[in-house]
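J.: Sequence:
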Amino acid sequence: MAKLNELGFELLPHPPYSPDLAPSDYWLFADLKKMLRAVAKQVREWSFKFDGSSKPLEFLEQVEWSAETYGLDLDLVPRAMPELLQGTALMWYIANNEHWRTWTSFIGSFQEFFLPRDYFSKLLEKVTRRKKGIDEPFKMYMENCSLIELMQLAEEFEELERDRETSGNTLGRTGHD
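Going letter by letter, the sequence shown gives residues 0 to 176 in numbering that gives the first Met the number 0.
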């Protein structure tokens, strides 16, 4: 306190846990509320929902594609999720609403709940075992590998590449021997 007085700061009396907010806080919250309302309004107009029973990764891809298409900040979308969820998925959201601050944190929780255990490691194993048949046309091979599998494989390879770059290993070993 003495240091504050010495520096010329004036202390104003107020209760330590005052429910009052500074007028500037009202301004900030008002803008945030407007933004969230706009995101919720846009999301409400999308023509898809997720009930928790099938294709969670396709749902996430659809949300990301829609947000990008309509210029929405993905980090605001988790707060508008009740507009896209129903049934089991909505009950999960309500029970676990941690007010996710980022899209990435929402995806982590979402995938942990809606995907089978070890989904990504099993997917990587499945995709890496899949080989093009000798007489199989390349087009057929690509059609047989689902888009989701290929996208997940690409993400896994990017992660492996980042690990390789950070470890300084240029021989392609990932440290997962």
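Wrong hints could be hidden among the right ones.
Computed spacing ranges between beta-carbons, pair by pair [claimed, not checked]:
1. Gly-7 to Lys-40: 17 to 23 Å
2. Pro-115 to Leu-31: 32 to 38 Å
3. Arg-36 to Ser-120: 25 to 31 Å
4. Ala-29 to Phe-119: 18 to 24 Å
5. Lys-138 to Glu-97: 26 to 32 Å
6. Leu-73 to Lys-121: 40 to 46 Å
7. Ser-108 to Lys-40: 21 to 27 Å
Keep in mind that the hints were calculated from the coordinates and are not lab data. Quick reminder that beta carbons are idealized off the backbone N, C-alpha and C, glycines included.
J.: If a hint holds in the structure, say so; if it does not, say that too.
T.: Hint-by-hint comparison with the structure:
1. The beta-carbon spacing between Gly-7 and Lys-40, approximately 48 Å, falls outside the hinted interval of 17 to 23 Å.
2. Our hint of 32 to 38 Å for Pro-115 and Leu-31 holds, since their Cβ atoms are close to 36 Å apart.
3. Checked against the given bound of 25 to 31 Å, the beta carbons of Arg-36 and Ser-120, roughly 40 Å apart, lie outside it.
4. Against the hinted window of 18 to 24 Å, the Cβ-Cβ separation of Ala-29 and Phe-119 comes to about 41 Å, which falls outside the hint.
5. Checking the proposed 26 to 32 Å range against Lys-138 and Glu-97 shows it is violated: the Cβ atoms sit about 44 Å from each other.
6. A hinted range of 40 to 46 Å for the beta carbons of Leu-73 and Lys-121 is inconsistent with their spacing of about 27 Å.
7. About 24 Å separates the C-beta atoms of Ser-108 and Lys-40, a value consistent with the hinted range of 21 to 27 Å.
Hint check: violations occur at hints 1, 3, 4, 5 and 6; the rest are consistent with the structure.
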